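> Chains as they are written, first to last, in the numbering used here: chain A, 15 to 129; chain B, 4 to 115.
Calculated directly from the structure, the hints in this document are not laboratory data.
All values derive from a computational prediction rather than experimental measurement.
Among these hints, one or two may not hold up.
Unchecked claim - Sample of chain A residues with no beta-carbon within 10 Å of chain B, all distances over it, derived: (1) P22; (2) R95; (3) P117; (4) H119; (5) G121; (6) N122; (7) G123; (8) T129.
What the hints assert, rightly or not - Reference excerpt, derived from the structure (chain A facing chain B, CB under 10 Å, subset only): (9) H43; (10) G73; (11) S76.
Note that the Cβ used here is the ideal one computed from N, Cα and C, for glycine as well.
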Amino acid sequence: GAGVSQSPSNKVTEKGKDVELRCDPISGHTALYWYRQSLGQGLEFLIYFQGNSAPDKSGLPSDRFSAERTGGSVSTLTIQRTQQEDSAVYLCASSLVARGNSPLHFGNGTRLTVT
Amino acid sequence: AQRVTQPEKLLSVFKGAPVELKCNYSYSGSPELFWYVQYSRQRLQLLLRHISRESIKGFTADLNKGETSFHLKKPFAQEEDSAMYYCALSGPGGGSNYKLTFGKGTLLTVNP
Chain A
15 GAGVSQSPSN KVTEKGKDVE LRCDPISGHT ALYWYRQSLG QGLEFLIYFQ
65 GNSAPDKSGL PSDRFSAERT GGSVSTLTIQ RTQQEDSAVY LCASSLVARG
115 NSPLHFGNGT RLTVT
Chain B
4 AQRVTQPEKL LSVFKGAPVE LKCNYSYSGS PELFWYVQYS RQRLQLLLRH
54 ISRESIKGFT ADLNKGETSF HLKKPFAQEE DSAMYYCALS GPGGGSNYKL
104 TFGKGTLLTV NP
């Protein structure tokens with residue numbers, strides 16, 4: 015079956031512009047995560063969605079970052095007024111259930127470059 | 004706070020040599036530990052988890068609670084093992100324990 019799909023795969027934007035990153039999780043997966051992968055920094059947790067529960071936004075680095083998940087499926091991560099330090103690969107992952115030992119299935123990521 | 008430390012950013016070995024990727028963690032309680040792998044131009048994927056006590060692609064990892072370690076080992080490295088390896092930790096499940104905390108990764112290169 016189809017895996018986690020992310021778009022666009024690459025995004026180059028000018029500093030100060032807004033960007034939207036999209037994630038389409040595996041069908042039937044109730045949990046959805048966003049991580050940021052920066053060179054030398056590993057994977058940084060950003061936000062988590064589980065069903066209709068309030069999302070865990072504790073990892074969002076600033077109020078310029080927001081995310082939503084519509085209909086329990088597709089998610090959009092929005093970064094407003096982008097800064098150069100936002101340049102990274104943004105990874106989306108989904109899992110069948112919201113348990114620590116449920117494996118995460120990752121998308122290919124969106125490589126964001128802010129010039 | 005939970006934390007995962009992978010002390011080696013880079014590790015280079017020759018084909019056929021043993022390999023050990025180190026992972027140490029900090030967690031108050033009984034964690035779940037995982038190794039994820041990212042091969043060149045592929046997506047990040049689960050390699051193995053300690054709860055399964057399995058060997059995947061010849062790799063094994065033993066959870067040592069006394070040393071708070073979860074090192075990944077393979078007795079004879081292959082060139083196709085070259086990849087970025089991430090150690091990850093979560094709580095035992097339920098509540099806010101769903102979050103995986105990742106280490107910074109170790110880039111393994113297996114030379115011919």
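> Find the nearest Cβ of chain B to the Cβ of G121(A) and say whether that gap is larger than 10 Å.
violated, 6 Å
> Does G73(A) hold up as a contact with chain B if the rule is Cβ-Cβ below 10 Å?
holds, 8 Å
> Does the CB of S76(A) sit less than 10 Å away from some CB of chain B?
This hint is violated: S76(A) lies away from chain B, its Cβ roughly 19 Å from the closest one there, beyond 10 Å.
> Determine whether the non-interface label on H119(A) survives the test: each CB of chain B must be over 10 Å from its CB.
violated, 8 Å
> So T129(A) supposedly isn't at the interface. Is its beta-carbon more than 10 Å from every beta-carbon in chain B?
Check passes; 24 Å lies beyond 10 Å.
> Take a quick look at N122(A) and tell me if its Cβ sits farther than 10 Å from every Cβ on chain B, holds or violated.
Violated, because the least Cβ-Cβ distance between N122(A) and chain B comes to about 5 Å, which does not exceed 10 Å.
> If I take the minimum Cβ distance from G123(A) to any residue of chain B, is it greater than 10 Å?
G123(A) not clear of chain B: closest Cβ-Cβ about 7 Å, inside 10 Å.
> Interface hint check: H43(A), Cβ to nearest Cβ on chain B, cutoff 10 Å. Holds or violated?
violated, 13 Å
> So P117(A) supposedly isn't at the interface. Is its beta-carbon more than 10 Å from every beta-carbon in chain B?
violated, 4 Å
> Find the nearest Cβ of chain B to the Cβ of P22(A) and say whether that gap is larger than 10 Å.
holds, 16 Å
> According to the definition I'm using, a residue is off the interface if its beta carbon is farther than 10 Å from all beta carbons of the partner; does R95(A) meet that for chain B?
Non-interface label on R95(A) holds, nearest chain B Cβ at 27 Å vs cutoff 10 Å.
Consistency with the previously given hints fails for numbers 3, 4, 5, 6, 7, 9, 11, ordered from lowest to highest.
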